[in-house]
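Q: Sequence:
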Amino acid sequence: MTKCSRTVQLVRTRSSKPMTLSINDYLLLIVSAIAGISDLKGGKIFNRLTYPAIASGFLLSAAGGEVSPTDAAAGFAVGFIPLFFVNRMGGIGGGDVKLMGALGALAGYPAILHIMFYSFLLGGVVAFSIVTWQGHFKEVMRRIAWNVFFLGVPGPKVFIEGNADYKMPFGFAICMGVLWTSVLKILNISLV
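Numbering (the numbering used here), first residue to last: 59 to 250.
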């Protein structure tokens, strides 16, 4: 095994010139920033933000923007559908689901995968810190284990609901994931 295969490397893509941001990228940053602040302040991401963002993503793609209509639809589906199931298990709120769908429509596929990866990475660090700090780590791990167990059991699903005492503002983690993805895009850097 070589040293390169044991470490994650940052690699510049084809051109060495930094990329510029498109209108879709600016909308991604604006929408995610508003959602992150709203989630931190009030614990909600409002429909009046997510629905117009979804429509904007599809309208920009139909108007010949940076993202094709097919990629916008795929991005919306990839962003929305998995989080919808997490929402049904009590893992995240509905606003987070719609926000990720909106970001998928704006960013397109496969860019939404990068946003999701960094959002979940940062969200996991924040969530781990919160439940550990508040002394709920064992309880949360037990609930996750039961929910994963119930996924494999045939029949109606009975999921153990989360505790409102240790909610995490995932909208903020999504905002940071968008920011991280945008910085990497500007610098023309990708993880290999």
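Hint data in this document are derived by calculation from the structure and do not stem from the laboratory.
Beta carbons are placed, not taken as given, at the ideal position from N, Cα and C, and that holds for glycine.
Any given hint could be a false lead.
Pair by pair, the computed Cβ-Cβ distance ranges are [as the list claims (entries may be wrong)]:
hint	residue 1	residue 2	range
1	Thr128	Phe195	39 to 47 Å
2	Leu98	Thr128	33 to 41 Å
3	Asn105	Arg200	13 to 21 Å
4	Arg106	Val206	13 to 21 Å
Q: None of the hints should be skipped; say for each whether it holds.
A: Consistency of the hints with the structure:
1. Thr128 with Phe195: 39 to 47 Å: holds, 43 Å
2. Leu98 with Thr128: 33 to 41 Å: The hint (33 to 41 Å, Cβ to Cβ) holds, given that Leu98 and Thr128 are roughly 34 Å apart.
3. Asn105 with Arg200: 13 to 21 Å: The hinted range 13 to 21 Å is violated for Asn105 and Arg200, with Cβ atoms some 34 Å apart.
4. Arg106 with Val206: 13 to 21 Å: 35 Å Cβ-Cβ, so the 13 to 21 Å window is violated.
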